[in-house]
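Sequences listed follow chains X and C, in order.
Oh and the first sequence: position 140 is 140 in this note's numbering, straight run, nothing missing.
Oh and the second sequence: position 298 is 298 in this note's numbering, straight run, nothing missing.
One or more hints might be untrue.
As the list claims (entries may be wrong) - Some residues of chain C that are not near chain X, with every Cβ distance over 10 Å (derived): (1) Arg16; (2) Ile25; (3) Ile79; (4) Glu114; (5) Val173; (6) Arg187; (7) Lys221; (8) Thr295.
What the hints assert, rightly or not - Covered stretches of chain C (chain X as the covering partner; in silico rule of three or more C-beta atoms under 8 Å from a C-beta of chain X): (9) 31–41; (10) 90–101.
What the hints contain is simulated information worked out from the structure, not anything from laboratory work.
Since this is a predicted model, take the numbers as computed values, not measurements.
A virtual CB, placed ideally from N, CA and C, is assigned to each residue, including glycine.
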Amino acid sequence: MTAQVAAQDPQVRRARRRRADPLVERRFPLHLEPHIQTIRGLYHQAKSAHWDPEKHIPWAKFDRSQYTPEQLRAAALSWSRRAWTEYGGLPETPAILIRFCLEHSGESDPKMFLTVRGSEEAWHTECCWRFADLVGGYIDRPANAEYSRLFNQDFHREAFEPGISVDAYIAVHSAILDGLDLELNRGFLRQATDPVIGTILKRMVQDKERHVAFGWIYLGERASAWTEAQRAEIAAEIDQALEGLLLSGAICAWLAPDGIARDIVEADGITREAGLGAMHVMEEREIVLQFLAEAREHLARLGVTIADIRDRIHLSG
Amino acid sequence: MSAAIANNLLDTPESRFPLDLGIRIPRIRELYRLATASQWDPQKAVPWEDLHPERYTDEQRYAARLYWSRRAWGEYGAISESPALQIRFCQQKHEPDLRFFFTLRTQEESRHAEVCYLMAEHLGGYIDGPVQTAFQGSVATHGVRKMALDLGIPLEATIASLVCAAEEIAFDVFGHLIKITKNPVARRALKLIMRDEVRHCAFGWAYMEKRVRELTPEQLKGVEEAVVIMIEKVEMNGYHSAWLGPDTPATRSETAADRITYEAGLGATVEEVEKPVFVASVKRIREQMKPWGFTLKQFTHPKIEGAF
Numbered sequence: 001m002t003a004q005v006a007a008q009d010p011q012v013r014r015a016r017r018r019r020a021d022p023l024v025e026r027r028f029p030l031h032l033e034p035h036i037q038t039i040r041g042l043y044h045q046a047k048s049a050h051w052d053p054e055k056h057i058p059w060a061k062f063d064r065s066q067y068t069p070e071q072l073r074a075a076a077l078s079w080s081r082r083a084w085t086e087y088g089g090l091p092e093t094p095a096i097l098i099r100f101c102l103e104h105s106g107e108s109d110p111k112m113f114l115t116v117r118g119s120e121e122a123w124h125t126e127c128c129w130r131f132a133d134l135v136g137g138y139i140d141r142p143a144n145a146e147y148s149r150l151f152n153q154d155f156h157r158e159a160f161e162p163g164i165s166v167d168a169y170i171a172v173h174s175a176i177l178d179g180l181d182l183e184l185n186r187g188f189l190r191q192a193t194d195p196v197i198g199t200i201l202k203r204m205v206q207d208k209e210r211h212v213a214f215g216w217i218y219l220g221e222r223a224s225a226w227t228e229a230q231r232a233e234i235a236a237e238i239d240q241a242l243e244g245l246l247l248s249g250a251i252c253a254w255l256a257p258d259g260i261a262r263d264i265v266e267a268d269g270i271t272r273e274a275g276l277g278a279m280h281v282m283e284e285r286e287i288v289l290q291f292l293a294e295a296r297e298h299l300a301r302l303g304v305t306i307a308d309i310r311d312r313i314h315l316s317g
Numbered sequence: 001m002s003a004a005i006a007n008n009l010l011d012t013p014e015s016r017f018p019l020d021l022g023i024r025i026p027r028i029r030e031l032y033r034l035a036t037a038s039q040w041d042p043q044k045a046v047p048w049e050d051l052h053p054e055r056y057t058d059e060q061r062y063a064a065r066l067y068w069s070r071r072a073w074g075e076y077g078a079i080s081e082s083p084a085l086q087i088r089f090c091q092q093k094h095e096p097d098l099r100f101f102f103t104l105r106t107q108e109e110s111r112h113a114e115v116c117y118l119m120a121e122h123l124g125g126y127i128d129g130p131v132q133t134a135f136q137g138s139v140a141t142h143g144v145r146k147m148a149l150d151l152g153i154p155l156e157a158t159i160a161s162l163v164c165a166a167e168e169i170a171f172d173v174f175g176h177l178i179k180i181t182k183n184p185v186a187r188r189a190l191k192l193i194m195r196d197e198v199r200h201c202a203f204g205w206a207y208m209e210k211r212v213r214e215l216t217p218e219q220l221k222g223v224e225e226a227v228v229i230m231i232e233k234v235e236m237n238g239y240h241s242a243w244l245g246p247d248t249p250a251t252r253s254e255t256a257a258d259r260i261t262y263e264a265g266l267g268a269t270v271e272e273v274e275k276p277v278f279v280a281s282v283k284r285i286r287e288q289m290k291p292w293g294f295t296l297k298q299f300t301h302p303k304i305e306g307a308f
């Protein structure tokens, strides 16, 4: 069994995670000096680019009279769903932050960067929630119970699992999942004509660009030291995430099976037509396919080969 | 699955919905808004060129480097440990205001660690650990991560002990340090940290004010015990103030450095001037907690005359 195949076998992965030694923090020596200058630079950039949802989003300028009741209802659902997704960062970022602290001799730059990322995720969640409320009322859960279960992703628990390396975790979450999220949000922004939504999405995209840059920079710094087994682990974790999160419909509602998220897909279509920050299925599909192609190439340059699932995306939705 | 394992937050699977994001504790939501509006950058908010390290002796600079490095280690604890509370707020679906506020709080702790690190650097270089390893036990951890993840420890006990006790003491000491620190850059760094700490403390009291009415007598007892442990085993063990630590060669070395730093006006304090501040702080905390339904015990410490 090759390292790649072994890493993808769920039983092998579970056994590896069980075998891993528990993480025990050794606080000293405590490195606070810059080590990965580019990530320290992102941290400084993030501090300089700080914003305030209260002050920088022109909430009062939203003009309901420009939209039909159907469009407002649709936008409330589209943006509620966006809040459910953005919210995932609130338990996840502190978990991966602590994980970095538990790693021996960990550099301080990722830790400092993650503290700012956490604030930005709170602002994103707040904006999505607040806009949903503004247009018609925030909805606190999906209508379909099966679809709602897709959101229970336990990322915070995964971050603490010693059997998953930090590098694999960052590859999955910062480079791939955040990367795809960034491209989708860029797409929403391109389609948005409402000035309030445009401002929200512009702010979110600016922050998310740093979040994704963090992931790729971190991987680039680490890649030269990876063994074949580590590359295989990273590939396996990414393949698993694409299977369990993307193809399951947790990220793009139109990929959810059996129409469990049909209401979301329909709402997104109406929201898109109203210029309130969503996309049609075809538009999202193009973005996903392009992202996957680019991500595969980027990972290949780091010596990581992931499965090509683009045919399955073509056939879905 | 053993009882011990089942009692850990990380063994509880996520259940995201219903996802309430509304305003449930307005005072805490307001603190989140204030924090969002009050951000600062250690690189820009401090006039580093006014520090003038060349005006101090080598001995003073070294002592101050040690002092500010130790401050950085303490602030780092809030990056390494306290975010576990955020996970608990989310996973146990505590009021959304807590979850929003704590994201900002973690970022603020990072700024505090950074500004302390920069102070040490500008004085000649950050020191990455206690000179004497025996002192590590006093500054390594305040145990909050463990408490936050342990479902057997009520959240209220953790908030009361970490925020309403430990952070409240730190807040009073900051006020004292600002009064006695002569160097304008050191004073500015302390002021910036204190500005954030005001909100951190207010968060704790606002949360407890809401929750304390809903606690059972047994839960309230747990809160009281956690506060006592924080004061006796963490604060009085030298977590924030080295002179309160056990009298060992390591502690004596740290307090000697503090004295040199204090005399140079670069930011530290010393036993004889901090002692009344610490005692008054504990007394104030006791008074403030009385409406919760208990009176904290009297504490004793070999370096403080009489019970307080």
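Cross-check of the supplied hints:
Annotated as non-interface, Arg16(C) brings its C-beta within 10 Å of a C-beta of chain X; the closest such distance is 5 Å. With a least CB separation of 15 Å from chain X, Ile25(C) remains clear of the 10 Å interface cut-off, as annotated. Not every CB of chain X is more than 10 Å from the CB of Ile79(C) (nearest about 6 Å), against its label as outside the interface. Annotated as non-interface, Glu114(C) brings its C-beta within 10 Å of a C-beta of chain X; the closest such distance is 7 Å.
Listed as a non-interface residue, Val173(C) keeps its Cβ farther than 10 Å from every Cβ of chain X; the least gap is roughly 21 Å. No beta-carbon of chain X comes within 10 Å of the beta-carbon of Arg187(C); the shortest separation is about 22 Å. With a minimum CB-CB distance of about 29 Å to chain X, Lys221(C) clears the 10 Å threshold, and the non-interface call stands. At roughly 35 Å from the closest C-beta of chain X, the C-beta of Thr295(C) stays outside 10 Å, upholding its exclusion from the interface.
Counting residues of the segment 31–41 of chain C whose C-beta sits closer than 8 Å to any C-beta of chain X gives 6, which meets the bar of three, so the coverage hint holds. For the segment 90–101 of chain C, the stated coverage by chain X is satisfied: 4 residues place a CB nearer than 8 Å to a CB of that chain, which reaches the threshold of 3.
Violated hints, listed in ascending order, are 1, 3 and 4; each of the other numbered hints is respected by the structure.
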